[in-house]
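In case you want the letters, here they are:
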Amino acid sequence: MKIIYCDALIIGGGLAGLRASVATQKKGLNTIVLSLVPVKRSHSAAAQGGMQASLGNSKMSNGDNEDVHFSDTVKGSDWGCDQEVARMFVHTAPKAIRELSAWGVPWTRVQGGSREAVINAKRTTIVEDKERHGLIMSRDFGGTKKWRTCYTSDATGHTMLFSVANEALKHKVDIRDRKEAISLIHEDQRCYGAIVRDLITGELEAYIAKGTCIATGGYGRIYKQTTNAVICEGMGAAIALETGVATLGNMEAVQFHPTPIVPSGILLTEGCRGDGGILRDVDGHRFMPDYEPEKKELASRDVVSRRMIEHIRNGKGVPSAYGDHIWLDISILGREHIEKNLRDVQEICKVFNGIDPADEGPKGWVPVLPMQHYSMGGIRTKKTGESQKLHGLFSCGEAACWDLHGFNRLGGNSVAETVVSGMIIGNYFADYCLENDLDIKTQTIEASLKKESNKIDKLLALNGKEDIFAIKNTMQLLMDQKVGIFRDGENLSQAVDELQELLKKTNNITVKSKSKAGNPELEEAYRVPKMLKLALCVAKGAEQRTESRGAHYREDFLKRDDKNWLKRTLTHWANEEDILPTITYEELDIIKMEMPPAFRGYGAKGMIIENELSAQRQEEVDDIKEKMDDEGKDRHEIQDALMQFDLPMNYREKNERVGE
Amino acid sequence: MAQQKDVTISVLKFNPRDKESHPKFVEYTLQETPGMTLFIALNKIRQEMDPDLAFDFVCRAGICGSCGMVVNGKPTLACRTLVANYPDRKLQLIPMPAFELIKDLSVNTGKWMDSMSNRVESWIVDNEKEIDITKIEEKMEPKVAEDIFELDRCVECGICVASCGTALMRPNFVGAVGLNRVARFQMDPRDKRTDEDFYDLVGDDDGIFGCMSLLACEDHCPKNLPLQNKIAYMRRKLVSVK
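Quick mapping for you: the protein sequence lines, in order, are chains E and U.
Taken in order, the first sequence gives residues 1 to 660; the numbers are from the numbering used here.
Taken in order, the second sequence gives residues 1 to 242; the numbers are from the numbering used here.
Simulated from the structure, these hints should not be mistaken for lab results.
No residue lacks a Cβ here, since even glycine has one placed at the ideal position from N, Cα and C.
Do not rely on the hints blindly, as some may be mistaken.
Short derived list, chain U residues pointing at chain E, Cβ under 10 angstroms [said to hold, decoys possible]:
#	residue
1	E27
2	L30
3	I40
4	Q47
5	E48
6	D52
7	L82
8	K103
9	G110
10	S117
11	V125
12	D191
13	R193
Simulated coverage check for chain E against chain U, where a stretch passes if three residues somewhere in it have a Cβ under 8 angstroms from a Cβ of chain U [to be verified]:
#	stretch
14	39-45
15	98-111
16	260-266
17	345-356
18	508-521
All chains, please: the whole structure from these sequences, using the hints.
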């Protein structure tokens, strides 16, 4: 039996996990990072358009601050997020950008003087302050009041990931790739590490640690049409679920991005629209202003995706061999802009579709269609990032439901969350590892290892008629069709039934090669049942949530129901042999909110079932603001009076800004 | 729509961990679908014909650099390789040389790149200067940021190494990828290393003086990085040291 001991175990080597590893290593903890793939290949690299942080340097972001970022994030979440977490996040994001700058990210900088930009499909001249020349620049993204998204062309995630991964190497973090955590070791509500399969040798190993942090990203691959990398199968969330102790939060909150390219599903960044690109229909007509007169193409993602499908349903889609789609037109931005700021987008369009999006007119239009993009749900945590139920288990980044995003995440807030939560949760996680000793019996470790090794033997011995690849495909198609952008009770209930059937079928497969190493079908055989459990959490949560909020849209319950549904879905897997998750709920307390529920400013109006506490709290908030304003208090003091929040390190200090 | 054709894909299969395994080409024939890439084709083969076939993909969008392999003699990213670009629809795939073979088309680029990153100290060296992240960031000329970004676009896919004559003769050669990283930090004002420091890292035949200027790295680089130009620049810089 191979047992590896460390102080801090981090599962997942994307931006969140790597940033957390720097935090633990810097606090003197012996840290190991496990990753399915070489860490620089993580899906974080695919974040294109940028990272939100309210630096307020450029002309169009002048006047930006934490308050505006907070308000945009809460509205974007459709009031589903944890507002304290949102405050922690917006307050740390500028620090994260500045830290990354010191670590080498070549952020695009403000060029003093005048430049051309396309705003609302018109060429406009913007004059940048000469004194701000050389500070970090930002671009526009959906659902934001200010241009807040900092970027390096459209390869932001890539440059961030390389800087953080190399910073981890610099601090001598022990990074081990091609290692897959297949179960968590736990006893008496405490997590002690994981059983890990070496993806090269097939060997099982036990990693024992004072604390374990899961940062494995989202579960997008339970859908067929997704922008996510092939490794985004939600395995971190699944092994947490399989403890029967840890809970997952808001699994039904799944984001569909408006502009993946058809048919490959590769993402074209929101920066396309942020920089002034527009959506056109079969007649070449720019239709978004008809639906969303104010924000147009730059309403939040959930709203734009639904409007696109709505327009297609109205018969205005562009027919193709792959069904109807919409056109994305960035040619109006001009070749120079595209070749500088949207390079990867241009490359993707050229390589995969043979289209140069810089070509003027219809020739340069690119076929796009909303597809699965982001998992707002994940391992439910406290504000420190620790599981509410399983001590010593932490989670950060997309894998977690910390709950920064509620029912819809804003563009630019995910790559920001990875590093910000890596900083905040990484430090809380480090403190846990410093304060807690290991007190696990070798017997418990042996039993956990034996159990997983038996499971693999059992899978290889199965002799049934089902095919694991076919089961996976069926699940993915079913999720697209019945648990997609538009949902209703009948389809969701069918999905739940069919997913249970598929889960049963996974016991009736045959793995053709009996080899324990280098056997891709064996890997599918143990992953797909885990994916089906996650899919069941999504479908069951969606079936029970009889309202529409953010990305969760029920055609049979069109309104956001603050009276009955201002709560977070918690899912756990009570017994190993169950084929359905157990669902409970966690209330959101309006009276503690800094920003009580209201209209988002985009999307359909009059679609809210009000909670009477919203108006009551709004009145309180207004009174406090007015009174403190009169007393000459500043925005920080007012904010503190409305809702308090804590941060580790020096992250609670104020952020310096030009012009503030 | 174009007429559907048969595609023949021949893969060099070998599992170095299996004593019974010997390198051999295995041929698969499948029907072409519109826009078919090697990502689509290889997954179809695995799902329908050979569940044992090993290969690596992550982003399938040409961004992550996982899927380098040699296609009809040329190292390239498989996810961006369209079957339709091969008129006779015959593709022969072998794993990238110069890297440790894991199985079939899967090679250990991660291990190689980590070692290279440690060797060239592929991070900002600022002599532990403490940065106050609550304060406004240091300014940088926009053009300098752009120039750094240009080189920072490297995804460390390993194609330049697999294309390189020196890398095949000198297993410790840092490759164009490593020299590009050095050039990237050399031009970064945040990095406090001097040319002497860089000379200590790569001033030998496993570094800047090992390159024979055969240019295959630049020819095959999927990100079109100006590798030769940068290597020549670094060589001129470092040859004048000491």
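Handout entry: Structure versus earlier hints, numbers of those that do not hold, lowest first
Key = Failing hints, ascending: 1, 2 and 13.
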